[in-house]
Amino acid sequence: MTDKPTCAVEVSQVTKVFNVGKPNQVKALDDINLTVSNGAFVSLIGPSGCGKSTLLRLIAALTHPTEGTVCVNDKSADQARLDRDYGMAFQTSALFKWRTITDNIELPLQLMGWSRSKRKERVVEMLDLVKLSEFGDHYPNELSGGMRQRVAIARALSFRPSLLLMDEPFGALDEMTREHMQTELLEIWNRTGKTVVFVTHSIPEAVFLSQRVIVMSPRPGRIASDISVDIGERVFETRESPEFFAKVTEVREALRFDHGADE
Amino acid sequence: MTIREEIAFGVTKYERREARKRFVRKIVVFLVFLVVLGLAYTGYKAFGQSIDDAQTDWPVIGAIMPRTDDLTMPPLSAILAEFGQPPQRNSSKPLGAFIAEASLFTFREAALGFFMGVGLGLGIAVVMLRSRWLERGLSPYLVASQTIPLVAIAPIIVIWGSNSMGWLPFEWKTWMSVAIIAMYLTFFPVAMNGIKGLQSADPAALELMRSYAASRRQTLIRLQLPSSVPFLFAAFKIAATAAIVGAIVGEISGGVRGGLGRLILDFASRYTTGPERLYATVIGSAVLGIIAVGLVILAEYIVLSKRRAEAHTP
Chain A
32 MTDKPTCAVE VSQVTKVFNV GKPNQVKALD DINLTVSNGA FVSLIGPSGC
82 GKSTLLRLIA ALTHPTEGTV CVNDKSADQA RLDRDYGMAF QTSALFKWRT
132 ITDNIELPLQ LMGWSRSKRK ERVVEMLDLV KLSEFGDHYP NELSGGMRQR
182 VAIARALSFR PSLLLMDEPF GALDEMTREH MQTELLEIWN RTGKTVVFVT
232 HSIPEAVFLS QRVIVMSPRP GRIASDISVD IGERVFETRE SPEFFAKVTE
282 VREALRFDHG ADE
Chain B
6 MTIREEIAFG VTKYERREAR KRFVRKIVVF LVFLVVLGLA YTGYKAFGQS
56 IDDAQTDWPV IGAIMPRTDD LTMPPLSAIL AEFGQPPQRN SSKPLGAFIA
106 EASLFTFREA ALGFFMGVGL GLGIAVVMLR SRWLERGLSP YLVASQTIPL
156 VAIAPIIVIW GSNSMGWLPF EWKTWMSVAI IAMYLTFFPV AMNGIKGLQS
206 ADPAALELMR SYAASRRQTL IRLQLPSSVP FLFAAFKIAA TAAIVGAIVG
256 EISGGVRGGL GRLILDFASR YTTGPERLYA TVIGSAVLGI IAVGLVILAE
306 YIVLSKRRAE AHTP
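Chains as they are written, first to last, in our numbering: chain A, 32 to 294; chain B, 6 to 319.
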């Protein structure tokens, strides 16, 4: 591997306008500056319409800024996408229902031209990482929602990207499964040392998972505050600790915008 | 086996059993309907006959509803018996054998036309997927192509086939022209459903493919084509019957002998001397159509069950 870049993600002065010049023109993001250092776990939180998903998709180079620049691993976001520098997971796990779990995890490797034996080897590793070793031959619709998300994470990590982009991956899960998945994600993060950018609309989830919580305000999307979360190692009891509650309160307060005041 | 695995296994097993039950139920319903249909036909005929016998001048039958005399509605038993009888005094085989042979001939044309039409339809769908502009431009012509009466273009295609296919490495036979006519009816539903199917790919999955920097070709083969499979099978069912109809009409209007079309033409022109023969041939054509659709359903079952039920082969 080459030298690790200092910044995994660098967003500078980014503005994103949809439907430019049309009557339904919308400013989704306004003057966004964000730097994510290597190996960090950063959450983007905000009400719907705050542009958090758009920001994530800008980092993924699935859409492009109207103004400003996005760099990933010291390259342009587009180049980073072509270099397969990041893996992505969506709220709908977006598994291919005609492929077994093994074949789903293999998909990116197949597209990237890995040899069959290397693919097999890697899939076994990934199934082990997300604790689904017994389910390789199953089809997605035979798995629970939480299991499907684990497969999506395994698929996103299978080709060893340095960056993991997650768009409300646990949004469709029930509360118990969700907390369980959060613990597992942190475990994976600790083991693999990836940089994670995580979009969510759950305050406790953002606080529990991240080192930094970026709070965004809507219409147009802006960064309202940048809260660092140092509440030590996350364990089961963390969610019941006063420090955790304090941080949850801090984020909740930061999310209290004056609705409609600027109109 | 873990508990979760056990549950998953149980679910698939249950699904499979349900699928089998549904299949059996479908067959039973089909057969029941067949019997009901036969009874309705016979019942209506008997009803009309009784009114005739009573010499009452009931105005409905013969005016609004079809007459029930043996020329208009030959008895079901006579139609069925006709299959075992030679269609002409000097013919060596029973009518059933003639119909079977003709069906095979027509089926060959229809099958070739079907596969060519599927290829053409898929090709058009992929081209339309590539460009919004082409999709908009091409669609009206596709629809227009189906409004041209088949009887008008069939002779043209047959003449083209016999006159200008000399450059081919094999000898062009007229039945191949009929296959082209069958293709003409087949490609349309495949193209229309094909484009819908290709566009049905999950938007998140499409973004995923983009995030992998997958090529358009990879996206087509790995994501869009598999997503379109359920749509395609719906189209194949329509296309299968369309191919049979196209082949029969093509034979009739192209003057091609050997198939069901010719048989229908022959028996229609001699209807008054034996309506049962035409009825029997029509039944034969219907059976051929059902077999064609049945083959598509079978293929669908095999392909789709591979997606779901094969999960537990170790």
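Since the hints were derived computationally from the structure, they do not count as laboratory data. One thing to keep in mind: the hints can contain errors.
Said to hold, decoys possible - Here are some, though not all, of the chain A residues that point toward chain B, as calculated from beta-carbon distances under 8 Å: (1) Leu93; (2) Arg112; (3) Arg115; (4) Thr123; (5) Phe127; (6) Leu138; (7) Pro139; (8) Leu142; (9) Gly144.
Unchecked claim - Computed list of chain B residues with no C-beta within reach of chain A, every gap over 12 Å: (10) Leu42; (11) Pro80; (12) Leu81; (13) Phe88; (14) Gln90; (15) Leu143; (16) Ser144; (17) Met214; (18) Arg215; (19) Ala218; (20) Leu228; (21) Ser232.
Unchecked claim - Far from chain A by the CB rule (all over 12 Å, computed), these chain B residues: (22) Leu36; (23) Gly142; (24) Met181; (25) Pro208; (26) Arg227; (27) Ala273.
In this text the structure is predicted, and so the values were computed from the model without any measurement. Just so you know, even glycine gets a beta-carbon here, dropped at the ideal spot from N, CA and C.
With chain B as the partner, please determine if A/Leu138 meets the hint condition of a C-beta pair closer than 8 Å. holds (7 Å)
Was B/Arg215 rightly flagged as not at the interface, with every chain A Cβ beyond 12 Å? violated (6 Å)
The hint names A/Phe127 as touching chain B; please verify it with the least Cβ-Cβ distance against 8 Å. holds (7 Å)
Identify whether the interface hint at A/Arg115 stands, where standing means a beta carbon of chain B within less than 8 Å of its own. Nearest chain B Cβ about 6 Å off; hint holds.
Please verify that hint: A/Thr123, Cβ, nearest Cβ of chain B, below 8 Å or not. holds (5 Å)
Does the no-contact call for B/Leu228 survive, Cβ to all of chain A over 12 Å? Check fails; 7 Å does not lie beyond 12 Å.
Non-interface claim for B/Arg227 versus chain A (Cβ beyond 12 Å): Violated: least Cβ distance 7 Å, not greater than 12 Å.
Outside-interface status for B/Leu81 - nearest CB in chain A farther than 12 Å: Holds: least Cβ distance 46 Å, greater than 12 Å.
Restraint outcome when A/Leu93 is required to lie within 8 Å of chain B by C-beta distance: holds (5 Å)
Non-interface label on B/Ala273, tested against every C-beta of chain A at 12 Å: Holds, since 47 Å exceeds 12 Å.
Does B/Gly142 really sit off the interface, with its C-beta more than 12 Å from all C-beta atoms of chain A? Label holds. Min Cβ-Cβ 24 Å, cutoff 12 Å.
Status of the stated non-contact between B/Ser144 and chain A (beta carbon gap over 12 Å): holds (25 Å)
Against the hints set out earlier in the document, violations occur for numbers 9, 17, 18, 19, 20, 21, 25 and 26.
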